[in-house]
Amino acid sequence: MGPMEELVSALKAGRPEAYERLVREYGDRLYRFGLRLAGPMWADDVAQEVLLRVFRSIGAYRPEGRFEAWLFSIANHVAIDFARRRRPERWSSARESEAEEPAPPDLLEDRERHVALLRAVERLPVEQKQVFLLREEAGLSFREIAEMLDCPINTALGRMHYAMENLRKALKAHGMR
Amino acid sequence: MECDRFVEEKVGEADSPEFRAHREECESCRRDLEELAEIRTLYREASVERYRGGMPAPRRVRAAWAPAAVAAAALVAILVSILVLPMRPPPPPPVPAPEPGGTAFFRVHVEPWAGDERISRAIDDTWERLETLERSTKW
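Taken in order, these protein sequences are the chains called A and B. Taking this note's numbering, I'd label the letters of the first sequence as residues 1 to 177. Taking this note's numbering, I'd label the letters of the second sequence as residues 1001 to 1139.
Check each hint, because a few of them may be wrong.
Unchecked claim - Reference excerpt, derived from the structure (chain A facing chain B, CB under 8 Å, subset only):
1) ASP44
2) LEU51
3) LEU52
4) LEU117
5) GLU136
6) PHE142
7) HIS161
What the hints assert, rightly or not - Derived contacts from chain B toward chain A, CB cut-off under 10 Å, selection only:
8) MET1001
9) TYR1043
10) ARG1050
Stated by the list, open to error - Computed far set for chain A versus chain B, every beta-carbon distance over 10 Å:
11) GLY2
12) GLY59
13) GLY65
14) PRO125
For the record, the hints were derived by calculation from the structure and aren't laboratory data. Quick reminder that beta carbons are idealized off the backbone N, C-alpha and C, glycines included.
Make a model of the complete structure from these sequences and hints.
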């Protein structure tokens, strides 16, 4: 039995240490997934809601695919649900005001490039952002992403392609070589 | 991307002999690969926020219809108390203690239209009175 099967088995048995391990191994990634997809106001709520849903429905989990694919399909639903609830005017106006003042390219250090990239990720259209995050944050394959989003694999690849193009343009505007 | 070929290989990080041969000749694809790798590396360096919430305590699931069900149950209880309680028979007159060695008679008040619950209650009352009588009487 591999480590993931052990974790799932311990979760199904309701062992408290299994939930601690779940939080330790996936809490940060779930939080960041919620942060980028639903915004800072909801990131904690998204992570907590996903953990609660795992707690409630682990009995129904069947190991047909990877545990991460199941976990992040829950995260995707929860984050999209929270994203719909948020007030778009507050969220977008905050980001607009920040985006109006890009740092001069010659002063751009790594940290500023990181901030610029994260802002560019936040500004991606939601379909592109979903695919980007499911790939880069959750580590899913494009086949898993396509199944989760119920679209052809070429559609998932196309969205990733446009996401990368948008990020590249944004970074070039901030001095990426 | 200047070169639109092999998008799956570039974006999806897939490998194929055709793409390996192509990128040897295509400077644009090599540049695409470098830039995409740089974006991925930069994202991994940048995406470092930590979750500090811990494992939430499971909440009791509260169905949306629960408050309405509680209100309905309360209403039914009130109606039952209004309709049933006045029909309860008056308490039976106290039974005089029998003479030692005598016989005690009890009358069980049961209306013919009474439901199971009221018949059962009447029998229980009778047993209770009999036990009280036994405790208070020296035979």
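Hints, one by one, checked against the model:
Satisfaction of the interface hint for A:ASP44 is found here, the shortest Cβ-Cβ separation to chain B being roughly 5 Å, below the 8 Å cut-off. Because the closest C-beta pair between A:LEU51 and chain B is about 6 Å apart, less than 8 Å, the hint holds. Nearest Cβ of chain B to the Cβ of A:LEU52: about 6 Å, under the 8 Å cut. The hint holds. Look at A:LEU117: its Cβ gets to within about 5 Å of chain B, closer than 8 Å, so that hint holds up.
Among the interface hints, the one on A:GLU136 holds; its C-beta lies about 5 Å from the nearest C-beta in chain B, closer than the 8 Å criterion. Satisfaction of the interface hint for A:PHE142 is found here, the shortest Cβ-Cβ separation to chain B being roughly 5 Å, below the 8 Å cut-off. With 8 Å as the threshold, the beta carbon of A:HIS161 comes within range of chain B, its nearest partner Cβ sitting at about 5 Å, so the hint holds. Because the beta carbon of B:MET1001 sits about 7 Å from the nearest beta carbon in chain A, less than 10 Å, this interface hint is met.
Taking 10 Å as the C-beta cut-off, the interface hint given for B:TYR1043 holds, the closest approach to chain A being about 5 Å. Here the hint on B:ARG1050 is kept, as its CB sits about 5 Å from the closest CB of chain A, short of 10 Å. A cut-off of 10 Å between C-beta atoms confirms that A:GLY2 is not in contact with chain B; the least separation is 23 Å. Under the 10 Å C-beta cut-off, the non-interface status given to A:GLY59 relative to chain B holds; the minimum distance is some 13 Å.
The claim that A:GLY65 is not at the interface with chain B holds, since no C-beta of that chain comes within 10 Å of its own (minimum 18 Å). Look at A:PRO125: its CB is around 16 Å from the nearest CB on chain B, clear of 10 Å, so calling it non-interface holds up.
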